[in-house]
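Trainee: Residue strings, one per chain:
Number of protein chains: 2
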Amino acid sequence: MTAKWETIEERDGENFRIFSTVWLKRRHPEDGREGNFVVLRSPDWVNIIPVTDEGKIVMIEQYRHGADDLTLEIPGGLIDPGEDSRMAGQRECTEETGYESTSEAEKMAEIQPNPAFLDNICYTYIWRGCKKTSVQKLDQHEDISVKEYTVDEIKKMIKSGKINHSLVLNAFFYYFTNENNL
Amino acid sequence: MTAKWETIEERDGENFRIFSTVWLKRRHPEDGREGNFVVLRSPDWVNIIPVTDEGKIVMIEQYRHGADDLTLEIPGGLIDPGEDSRMAGQRECTEETGYESTSEAEKMAEIQPNPAFLDNICYTYIWRGCKKTSVQKLDQHEDISVKEYTVDEIKKMIKSGKINHSLVLNAFFYYFTNENNL
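Those protein sequences? They're chains A and B, same order as listed.
Under the numbering used here, the residues of the first sequence are numbered 716 to 897, in order.
Under the numbering used here, the residues of the second sequence are numbered 716 to 897, in order.
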């Protein structure tokens, strides 16, 4: 029978700054099976599709240490403690691209990046009416190129695999679905 | 300037069985900035949409330790060393659901689950003509309910947030796009 397992013991694993780890000893509530499972405790994430008045989408290219390669993505990042997810999305957009809008970003969805071993949520937003208003404010290790693309160009790059980051694809899925424009 | 960083040193972090961790000391090739970055080394993953001759989709519900909750997903899992991704997808489907097809599963996409800190790929397949032919063959800690849904039911559950696993949404994005049926 599918059921939530009970947590019997909890032991900290290594802390990796962008997330901490914990070993959980858990027991099935009915048949008594036990096991040890690792969970990554991570702040929630946010990403955001910035759209200009011309209908273009602002994307960023950056080096990613997991893939050891440059990837094409939308702006996003970690939500600060106590920060509202919409504010965080707008902040990340402005910091990473120098684009912002006078309108409020609209929430499209709340996604589980990986419920198997991550405990967090990724909020995904769309921000219409974006314009370049400032220079980037990058973190110490960030190094980001910014470029506008048409929706047709985005679709071609999804098809070719040039855009292939799971959470970026999620954002476009909701965007295209909401616009009835797949 | 956006560029690939060079790896200067590599040091193992804690090993979590489902993935190992490594600390990489890396340097920007042009401006010489250095930093330490964690990467999770993981086997590649696969997931698969099993479709019946009636056009229904076979989904699974299971407890997930990261989310500490039951989640509604499609079959999938780790690709074994040396195993072909299509065979792995078909194997996971049959083990987790008892469904299989006499046709070959068709690859829809190769996705990066998280290029920021994961080094692996998730392959996503569709397997048409699936029928229930056997009982589940579950791993020690698996506990999976199986149910068929119509495409309309799936779309409603995506809209309501009942289906919200990033990689499952990716699979449906490609499926609906390929079928021109969003």
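Don't read these hints as lab results, they were simulated from the structure.
A portion of the hints provided could be inaccurate.
In this list, chains with the same sequence are indistinguishable; a pair is considered to hold if it fits within one copy or across any two.
Below, computed lysine-lysine pairings styled on DSSO-like, alpha-carbon distance capped at 30 angstroms [claimed, not checked]:
(1) Lys822 to Lys877
(2) Lys740 to Lys771
(3) Lys822 to Lys740
(4) Lys719 to Lys862
(5) Lys870 to Lys719
Trainee: Does each hint fit the structure? Answer for all of them.
Mentor: For each hint, the structure was consulted:
1. Lys822 to Lys877: both (25 angstroms within a copy, 17 angstroms between copies)
2. Lys740 to Lys771: Cα proximity of Lys740 and Lys771: none, with 49 angstroms in one copy and 37 angstroms across.
3. Lys822 to Lys740: neither (36 angstroms within a copy, 37 angstroms between copies)
4. Lys719 to Lys862: between (45 angstroms within a copy, 18 angstroms between copies)
5. Lys870 to Lys719: between (39 angstroms within a copy, 25 angstroms between copies)
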